[in-house]
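J.: Got chain A; can you put chain B on it based on the hints?
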Amino acid sequence: MNLKSFSILFLWLSCSLYSYSTQLPDTLYINSGLLQTYNGSSINYSCFNDSDVFEKSNKVLSYFVSDTVSLTIINNDQVPHQFTLDGLGISSQLLIPGGQETVLIHSTSLGTFIYHDSENFPNHKIIGLAGMLVFRNEDYSSFYWNLKEIDTVWVNDISQNNIVSTSYNPKFFLINGNHNPNINEDSLARVTGNVGDTIIIHVANTGNSIHSIHFHGYHLKMTQSSEHPNYEGRIKDTFPINPMEVMTLEMVPHQPGEYPVHDHNLIAVTGANIYPNGMFLTMLISP
Amino acid sequence: MLLISFIGHGQQTVNHQLIARNLGEKTMHDGVILRTFGFAQSFSEQPPIPGPTLYANEGDSVTLDLFNVSQGAPHTIHLHGLDVNQENDGVPHLSFEVHHMEHGYYFFVAPHPGTYFYHCHVVSTIHVQAGMYGVFIVKPSDGSNTTWEGGFEYEQDKLYTMSEMDPLWHEDSVMEHPHDTTQSVHEVFVPEYHPSYFLVNGMSEQELLNPDIAFQSAKEQVSLLRMANIGYLANRVAFPTELNAKIISTDGRPIESPEISDTLWLSPGERYGVLVEPNVDLIDSITISYINMNSLVTENTQYIPVNVSGTNGLIEDEDNKTFKLYPNPSRNRFHLKSIGVIYDGVKIYDAMGRLLQTVNIENTSLGNIEVKSDLPAGVYTVEVILDEHVLDSIKWINQ
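In order, the protein sequences belong to chains A and B.
For reference, each letter of the first sequence is one residue, going 1 to 287 in my numbering.
For reference, each letter of the second sequence is one residue, going 1 to 399 in my numbering.
Bound conformation, chain A alone:
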């Protein structure tokens, strides 16, 4: 082998290895199951999960901005579904029960996105099928909040193919499928860090309500808003977020302590006559 041939072989191997290393495989299973609410009732619910076992929260997909993701979606449910990733123009074909499809996902910039079931939208979203996908920077700590509320009347009507005839009136308010105080046990959601750290919080509202997230102790900078890009750069302590909106918030804590973050629609910090419940968690910042 002469030098020229060796160089070509080396280049081919390098490209192949590079392509292989950046084709990050991942899988989402569409599952249905019973969701136990904390007032003792249970409802039919669906989620995008990490395995074929039903879990009450949608998987958080988090990648580095340089990654190209090969995402396989498997419909483990009894009805058709369709995977759609808002903001990046990616959608699967309609997936029949037992069907699957692989899509390639790549982003050249940091950001928070919503993936959801676009079949029978928004009904399938209301019965649970919406999660968040993030392209992040490896330099910073990242946390993930998928905001969602549950109106059990709506979920039951939709899952039984009944016409929804009531005004949307949710009683359960969740972050990543959890409510206070259990949210603090979710390491993806509970913000921890040190004074001076740059902390990134990715927020997606996959529910039907508007939420108004108030931070104690700190002001944060909004670095991304899918609905209001002209608001990017604003420094605030309270961030309204509309249904199907995503935003990315940057926080550099100036003081240590344990501080709450909660929806300032104070109805959303209750549940089953418990206060605080719902969308209420704390951040823990060390000196």
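The set of hints was computed from the structure by calculation and includes no laboratory data.
Mixed in with the good hints there might be a few duds.
Derived coverage of chain B by chain A (criterion: at least 3 residues anywhere in the stretch with Cβ under 8 Å from a Cβ of chain A; other residues may be distant) [said to hold, decoys possible]:
1) 44 to 58
2) 177 to 190
3) 241 to 253
Capping the alpha-carbon separation at 25 Å, the derived lysine-lysine pairs in BS3-like fashion look like this [as the list claims (entries may be wrong)]:
4) B:K395 / B:K337
5) B:K337 / B:K347
6) A:K221 / B:K139
7) B:K219 / B:K395
8) B:K372 / B:K395
9) A:K221 / B:K246
Values in this document were obtained by computation on a predicted structure and should not be read as measured data.
Don't be surprised by glycine CBs; every beta carbon is placed ideally from N, CA and C.
T.: What follows is chain B alone, placed relative to chain A:
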């Protein structure tokens, strides 16, 4: 109750006392009386809703003395947006709560100029609805009418705090909730929320015609509107286009690129600073819609009267007028000067045409008189009288 002492370099120590009460009463616009919780500044007054507006200048050392005389649940003060340390944050299980007949003291240094809230954080869903909230305004270190150091100058500011009330939530069965101080979570009865009173500064419907509420301005006068939402519904605020509204700040921080818009969205807990500078005479209203956060349905609309007339300085053209009223706008007094015409009285009317004050001049005047008035801020009509005949009619803005 406010005490101020100087500590040098323009910074002061500012002491406020708030008295927490559990047995307040508020008469609504339709005569219905609701039980309230609230913050008062004396024992002789009903706790106002919203609570008293508190002030400090940037850099001031502030002490809040919360005196709980409630005979009920403990209370706290959460300093919403003021980014105080954990000990002073007012969240019971993370700082401290103040029990009946106890004082609790909160210490902080006033941060960036802007509009903030204070409210109780004990079972906050119940206690905020009950009325335990108010606004804390931080002005620049020199106390000037400037939005922040190097920011926009304004001649007057008006605060509009939006909230709602659901009568069911003001019944004893809800307000007398159990409270176990050893627990960080509490089982309380939280009714469905169906407010029937939609408030601006605690008032609604015809109460908003009160000159204290109305936005009154001269042409080309720059005003800062402090818009704040402490309710459980969102607000969509529509300003008359002629006000030339510019959204300049939010949550106590400047907006880098101010937004020129006649519409403002305010979610619960948010505050915005809006500069307005009308350029025409105007009688109109600021429209506040109250929007359900779940159904997104507009549940109610309230209207803040807007009255723009005259220009800064003398409202009327002084070269062509027989009577001159100055300074205008002014506060609680003005001078009236006649150019060669005698008169023997002055009558002051409000925007509804109600006679509020009569000044009789013992010796018929040809010259300059000073009229003092303790009327609240607002736009008034001043009539100049001789023998019960109206000689002239002049608009006066009492700031």
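J.: Does the structure keep K395 of chain B and K337 of chain B at a Cα separation of 25 Å or less?
T.: Status holds; Cα separation ~15 Å.
J.: Apply the coverage criterion to the stretch 241 to 253 of chain B and chain A: a residue qualifies when its Cβ sits closer than 8 Å to a Cβ of the chain, and three qualifying residues are needed.
T.: Coverage by chain A holds here, the residue count being 4 at a Cβ distance below 8 Å.
J.: Under the criterion that the straight-line Cα-Cα distance not exceed 25 Å, is the pair K337 of chain B, K347 of chain B satisfied?
T.: Answer holds: K337 of chain B to K347 of chain B is near 15 Å, not above 25 Å.
J.: Would the pair K372 of chain B and K395 of chain B pass a check requiring their Cα atoms to be no farther apart than 25 Å?
T.: holds, 16 Å
J.: Hint check: K221 of chain A vs K246 of chain B, CA-CA at most 25 Å. Holds or violated?
T.: This hinted pair holds, its Cα atoms lying about 21 Å apart.
J.: Against chain A, does the stretch 177 to 190 of chain B show at least 3 residues with beta-carbon separation below 8 Å?
T.: holds (count 7)
J.: Quick one: see if chain A covers the stretch 44 to 58 of chain B, three-plus residues with Cβ-Cβ under 8 Å.
T.: violated (count 0)
J.: Within a Cα-Cα threshold of 25 Å, do K219 of chain B and K395 of chain B meet the stated pairing?
T.: Holds, at about 13 Å.
J.: Compare the distance between the alpha carbons of K221 of chain A and K139 of chain B with 25 Å, and conclude whether the hinted pair is satisfied.
T.: Between K221 of chain A and K139 of chain B the Cα gap is close to 22 Å, so the pair holds against 25 Å.
The earlier numbered hint that this structure contradicts is number 1, and it is the only one.
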